[in-house]
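**Q** So the protein sequences, as listed, match chains A and B.
Just so you know, the numbering used here puts 218 at position 225 of the first sequence, and the rest follows in order with no gaps.
Just so you know, the numbering used here puts 262 at position 269 of the second sequence, and the rest follows in order with no gaps.
Hints were generated in silico from the structure; no laboratory data involved.
Please note that the accuracy of each hint is not assured.
Copies of one chain are not kept apart here, so a pair can be met inside one copy or by any two copies together.
EDC-like cross-link-like pairs, simulated, lysine to aspartate or glutamate; straight-line CA separation at most 20 Å [stated by the list, open to error]:
(1) Lys119 - Asp379
(2) Lys40 - Glu52
(3) Lys48 - Glu61
(4) Lys48 - Asp371
(5) Lys90 - Asp134
(6) Lys119 - Asp355
Bear in mind that the values here come from a model prediction, so they are computed numbers and not experimental data.
Number of protein chains: 2
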Amino acid sequence: MRLSRYFMPILKENPKEAEIVSHRLMLRAGMIRQQSQGIYSWLPLGKRVLDKVNKIIREEQNRAGAIEILMPTLQSAELWQESGRYDDYGKEMLRIKDRQDRPMLYGPTNEEMVTDIFRSYVKSYKDLPLNLYHIQLKFRDEIRPRFGTMRSREFMMKDAYSFDLTMEAAVHSYNKMFAAYLRTFDRLGLRAIPMRADTGPIGGNHSHEFIILAETGESEVFCHKDFVNFDIPGVDTDFDDVRGLQAIFDKWTSLYAATSEMHDEAAFAAVPEGERLSARGIEVGHIFYFGTKYSEPMGAKVQGPDGKEHTVHMGSYGIGPTRLVPAIIEASHDDTGIIWPASVAPFDAVVINMKAGDTACDATCDAIYAALSNAGTDVLLDDTDDRAGTKFATADLIGVPVQVIAGPRSVANGEVELKDRKTGARETMTVEAAINKLVG
Amino acid sequence: MRLSRYFMPILKENPKEAEIVSHRLMLRAGMIRQQSQGIYSWLPLGKRVLDKVNKIIREEQNRAGAIEILMPTLQSAELWQESGRYDDYGKEMLRIKDRQDRPMLYGPTNEEMVTDIFRSYVKSYKDLPLNLYHIQLKFRDEIRPRFGTMRSREFMMKDAYSFDLTMEAAVHSYNKMFAAYLRTFDRLGLRAIPMRADTGPIGGNHSHEFIILAETGESEVFCHKDFVNFDIPGVDTDFDDVRGLQAIFDKWTSLYAATSEMHDEAAFAAVPEGERLSARGIEVGHIFYFGTKYSEPMGAKVQGPDGKEHTVHMGSYGIGPTRLVPAIIEASHDDTGIIWPASVAPFDAVVINMKAGDTACDATCDAIYAALSNAGTDVLLDDTDDRAGTKFATADLIGVPVQVIAGPRSVANGEVELKDRKTGARETMTVEAAINKLVG
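Here chain A stands alone, though its shape is the one from the complex (with noise of 0.2 Å):
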């Protein structure tokens, strides 16, 4: 992408309203405009993150299993009234009547929906289990959403549901999730730690929270500091190893975790002093293993083995993609900006040309570009006519991992400098050298 062609909108204050690090960087990069109060529109830089974020979350999931649907975001108040939940759920939920009178509401969260396409169509134990997942828009009419699309009223959410005949074999499907997040997280450049969670609306017996460690996080945590070395599910992990799966769970669940909410002091204390982590966190995933709580109500049973109806088990399982961007931020940045890792950076290099309209410079800038663009590299080309020290300043606050940058001096000896925008490290090679280095 040639910059001189883009939209991406720098600002060059800092916003009044953020007042935390990934709002205030998210706002200054261009990445997303509020249009109202806790509703945001995606712009250019911010739709290529979470692409890339929404990418990485479906293979995991189809990885472990899931299979991708997509519900609306409107549902009628009639499902939520069959599982009760219409009139537990708040002010939170946003209600609409349509133009013939009926009862609306913009979904919060799909349980309902989805166990009514469950007993739609599944009659027998011989199609579980199953597991159906959707990315799509959520609405919260939280009274106070802030932090930008950390806590925003429209977001987007993965929401994942699993049926099972059994409360065994739910659990080796929440067990499927669980290794699925932790594997999500580690490709999105994060260190989650699962925590056991209260489960609030959802309900449920059997929960946890991925957590993850950010000095600006918005809750405190309490953890077993062993946790930051933990070895991730590799990618061979065979998910239909039920033993395999529970041995991964209980490595990671079996150490001290908790946040404040279920902190307990006394249980803690019982850790090594040494090895006691206490920390400020931020929630990017959310599951639960809730049993009956909705096929009961809702009537979503099967044929067992037995020729007998059963009532299924289900679990569900969330991650919020809108909230892991600036989750990933709060997590990886520094003074001058965001510093992306590479599995989501919007991307992969962006080529500084430092005095556009300089012939040598502009042909040696176009052949990187094009070098870089036919090997399927995602790259930025600052092609502006905007002044050298602006374009350090953009490319350092867009967090881009790798900056190439071509000055008339080095062009002149057939070279170019590749600066490293995480450690900050600097290399003078020749422009071949740069490319096989970005290409290989």
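Got chain A sorted already, so can you dock chain B onto it with the hints?
**A** Structure of chain B alone, referenced to chain A:
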């Protein structure tokens, strides 16, 4: 994907509520499910097709220089009061009050919001031309939603919005989208004919609908039959070539073509009788140039090269992916089911194991499945214990382009049968030859 682990709820009976063939086939193939009147879930098979349609739309929008963003579904009423459309737009607009009693709405289209984004950031003619698009859900509370996702209330739309300094530049932006649409529909396996259109509630003075010919189309259309063989702009089309794009536009609008709304009997009579085509059509895209209709009341201005402020000229360009899926089916099906164009088929091939549980059949099917999957082919393996006849019927119904049929007799010879879904042609060949043919 192994069918035994997939979720593809085939209906044996023709659903009564379906009035048109695409709606019937989408329900029967388990692609969609109605959740409320005019509101649908996309089940796994449908979601796959929808994704492929969106991918093609995106590629062609990007090729033409449009830049992807993502605006939210809910909008504040204030924006629409600014443009004057809040009161004009009738009951089709879903009006909502949030918990603070602020008037909101579920966006039926995004001219106001994108103009607001534009005016917030863009101040100079140097940043033009600009074309921003998104693929996002819309809601139009139609009094009589019908035909499945062909005319639903919650639907997906790709809507692009162009901004230019002058009318001449805006015409070029219009022509870019005109050519991009021709390419998009062609890649979707459709022959779409641009027809002069009424501008409706979007407004403006220059507009074309893209209509595909289908016997079951909702409206009557009249055109010169030469359109059916016109050349589509190539992959090497230069979207910066003002004259080249104007020539494409001129050619594609040189002959008579009109929907019944805009039909001119006298003009049509002037077309030589043997060249007249009178047929049924389905609208699959709609593009508008509307000048300063929104930029004027909303104050979207830039500084021109003359140092003065100029109100920008705008256009908008819509395609409905959730409508395109049934439109493709209307244009391509037979008595036994859907016939997908390869570009949007949910799977490239289906491997039919005629005798699941038979060691030789299982081994052969698994080998083919593995080879095709590893080569990046989207393949469905029917490994269920259904009868062979049921499997054949399912494969025909879901319309995957190639069927690989493996029965005990052929497998004993090291062979399988390949069936072309469209022509019905069958060919027996070795397993290796089948794999090479499908991977090649």
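**Q** Next step is simple, just say for each hint if it's right about the structure.
**A** Tested hints:
no. : hint            : result
1   : Lys119 - Asp379 : between (64 Å within a copy, 12 Å between copies)
2   : Lys40 - Glu52   : both (18 Å within a copy, 15 Å between copies)
3   : Lys48 - Glu61   : both (12 Å within a copy, 16 Å between copies)
4   : Lys48 - Asp371  : both (15 Å within a copy, 17 Å between copies)
5   : Lys90 - Asp134  : both (16 Å within a copy, 11 Å between copies)
6   : Lys119 - Asp355 : between (63 Å within a copy, 19 Å between copies)
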